[in-house]
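Protein chains: 2
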Amino acid sequence: MKQNDFKFTVISQQKNSRAGVFGTPHGEIQTPVFAPVGTQATVKSLTPKQLKETGASLVLSNTYHLYLRPGPDLVQEMGGLHNFMQWDQPMLTDSGGFQVFSLSEMRKIDEDGVSFRSHIDGSTHRFTPEKAIEIQEKLGADIIMAFDECASPYDKEYSQKAMNRTHRWVQRCVEAKTRTDQALFGIVQGGIFPDLRTESARFISELDLPGIAIGGLSVGETKQEMYSTLEIVNAILPIDKPRYLMGVGAPEDLVIGVLRGVDIFDCVLPTRLARHNAALTFKGKLNLMNAKFAQDKKPIEEGCTCYTCQTFTRGYIRHLIAAKEMLSGTLISIHNIHMLQQLMKQLRQAILDGTILETALEFLSGYEYKSGKFADTLINKEDL
Amino acid sequence: MKQNDFKFTVISQQKNSRAGVFGTPHGEIQTPVFAPVGTQATVKSLTPKQLKETGASLVLSNTYHLYLRPGPDLVQEMGGLHNFMQWDQPMLTDSGGFQVFSLSEMRKIDEDGVSFRSHIDGSTHRFTPEKAIEIQEKLGADIIMAFDECASPYDKEYSQKAMNRTHRWVQRCVEAKTRTDQALFGIVQGGIFPDLRTESARFISELDLPGIAIGGLSVGETKQEMYSTLEIVNAILPIDKPRYLMGVGAPEDLVIGVLRGVDIFDCVLPTRLARHNAALTFKGKLNLMNAKFAQDKKPIEEGCTCYTCQTFTRGYIRHLIAAKEMLSGTLISIHNIHMLQQLMKQLRQAILDGTILETALEFLSGYEYKSGKFADTLINKEDL
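Line by line, the protein sequences give chains R and C. Using our numbering, read the first sequence as starting at 1 and increasing by one per residue. Using our numbering, read the second sequence as starting at 1 and increasing by one per residue.
Some hints here could point you the wrong way.
Derived lysine-lysine pairs resembling DSS-like cross-links, with alpha carbons at most 30 Å apart [unchecked claim]:
1. K44/C <-> K44/R
2. K49/C <-> K298/R
3. K292/R <-> K44/C
4. K44/R <-> K285/C
5. K49/R <-> K283/C
Partner residues aside, some chain C positions facing chain R, computed with beta carbon under 10 Å [as the list claims (entries may be wrong)]:
6. L46
7. P48
8. Q50
9. G329
10. I334
Hints in this document: simulated from the structure, not taken from any laboratory. These numbers were taken from a predicted model, which means no experiment stands behind them. Glycine is no exception: its CB is placed at the ideal position from the N, C-alpha and C atoms.
So that you can see chain R by itself, here it is in the shape it has in the complex (with noise of 0.2 Å):
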């Protein structure tokens, strides 16, 4: 491990808003960053060469999905998560919480942990947070993550319940954690109420952990909410340490984030939408299935460079996409990652530039969001 692992740097912070760089032992993450999610230990239909050529850099997987297929005993032996999949940037896993609380009538939570059935094929598991480590340990991202309880975003009861027992497993995965490689991050929780929040964001601030996630968004509640939790949350948590929104993705999302003082996010939007035909640019998003596209010849969106966009037409793409090949998903994930890479750069260049909030405005106000333009719709202008 290099001298400045895990050290988090602010080059630069205008308002709320911070350019910043993170040291792993797999290089350094130039903040904010967008991580692409690679649920299997593989970003879906790419390959880690297109993945780099998107400009991604930090890459999740998924804890949950790996510890049931292929199993963390085999991904160790194989190498660790960098060697099994061939991607040698950094990596995060997240912990399996969110997705074992997602399984609803297939798990059962007490103070220890969770006892859940695979998705798969119906077998009986347990996650504690002594677990949640252990599989991480073995996986072997440069980030792993808190074994947390994510609660229904509108019910006090259990989202106080739920960010208690958060912060007492987050002690018991300190205490777990073994391997000194590795950058253990806490979850602040506490849905959509801000004394929760602000109780759980100076609870886990105090632990001095070397990053801070901010879980329990992008979850069921109102893009406004998770906005005014982010300014609550962000505004207790310490300056020099980073801070991950998580499963926060959409460039609206990004862009608001990164001016409420986010450095971190990661999502499977770009993917997923990719596999249902749809393509993200500074302008909205594209159904590329549409028949107006049939005899496009321009690109997704001009002036984009990534491979898709140098490569192909629209019109090529819609062939594709109507004739069920697969290699829509793969051109149209290379595009909308790329998209994505490119908004954060433009971002953090703004905040060097000391002109995020016109770089910020300029992007809202040429978002096309349910028919609107997004910076009219859904923000007070003031409120940037």
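Given the coordinates of chain R, assemble chain C onto it according to the supplied hints.
Just chain C, lined up with the frame of chain R:
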């Protein structure tokens, strides 16, 4: 069109095997050559960049599929097939005949052409020799095929009827052709019957077309029947024209085909096998879903220089298959096509070196075929 387009030069010949060069408007093809198949204007799961890296030069696409979707007018409007799918090297389209005849219950043949129903939506369509040429001229491949009738190989009466019709139709194709930058190949038919094959080879040879295909093989006959038919036909075909064995791609058949004087092959085999988890190696096929590969740290084939083998273990690919990740199809397709390209390169070099018999025997002696070595089970070595 360059001066030397469609000129075929035999650089070296050893017994019946030939190493040659065939000039096309999109570059020279070094023969013998194996063409992967891009049925719907895409070699399934691969970008043109990945395909090029396998060493592929000539790519085949299917007239029947492209006629139905996206339609020849659209492809023409988009600048032709090369531009549409962004393949800048030589291309070949079949005539649609084979696919249409494969529809069995859904087609009706008469002297003028074939009426058929689309496998996509049941709509009715009609191909004639003239129509097949018109479509292929709109698609714009470098090599186009005459519209032929492929009979079932053991029915002599039908084989003769189909052969005679194929002979009448190829003349109509020659008449219908208007573009000078495409090479029209005629097709030899005649089932497994030496007298019919002899007659057909003579008839097609006399047309003095820039290349000649051998059709109606690999459609249910035995390997010995295929090999002896090749011997009969190639003894008649002119030596100064490329010979194209349609729809054949098993490694053992490529080797025997080259020994019998074939210059061009195509087949969906490498990509279809890949989607069914099977890898082609110089020692035989591997089913990578097999549990014994789960922790195998070796590449698919040791010493292989393809991206897949240079990057990933069998264990990782086996995980992708088990997890139903589409990347497995991409990675195995890359390897399988690369393997056939390497095989063809080795055969070509052996012809140039005068060692084709030894090279062929060495390959066939090491190649596992139905739990034996191909050279021991299926070939009388003196026949090589």
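Structure-based check of each hint:
For the proposed pair K44/C and K44/R, the alpha carbon gap of about 16 Å is at most 30 Å, so the pair holds. For the given pair, K49/C sits about 20 Å from K298/R by alpha-carbon distance, which is consistent with the 30 Å threshold. The hinted pair formed by K292/R and K44/C meets the criterion: a straight-line CA distance of about 25 Å does not exceed 30 Å. For a cut-off of 30 Å, the pair hint linking K44/R to K285/C stands: about 26 Å separates their Cα positions.
With a C-alpha separation of about 28 Å, the suggested pairing of K49/R with K283/C holds against the 30 Å cut-off. Using the Cβ-Cβ criterion of 10 Å, the hint placing L46/C at the interface with chain R is satisfied: the shortest such distance is roughly 7 Å. Residue-level restraint check for P48/C holds (minimum Cβ-Cβ distance to chain R is 7 Å; threshold 10 Å). Given hint, Q50/C at the interface with chain R, holds; its Cβ is 8 Å from that chain's nearest Cβ, closer than 10 Å.
A hinted interface residue such as G329/C counts as satisfied when its beta carbon comes closer than 10 Å to some beta carbon of chain R; here the least separation is about 7 Å, so the hint holds. A cut of 10 Å between beta carbons decides the hint on I334/C: the least distance to chain R is about 9 Å, and the hint holds.
Every hint, counting from the list given before, is met by this structure.
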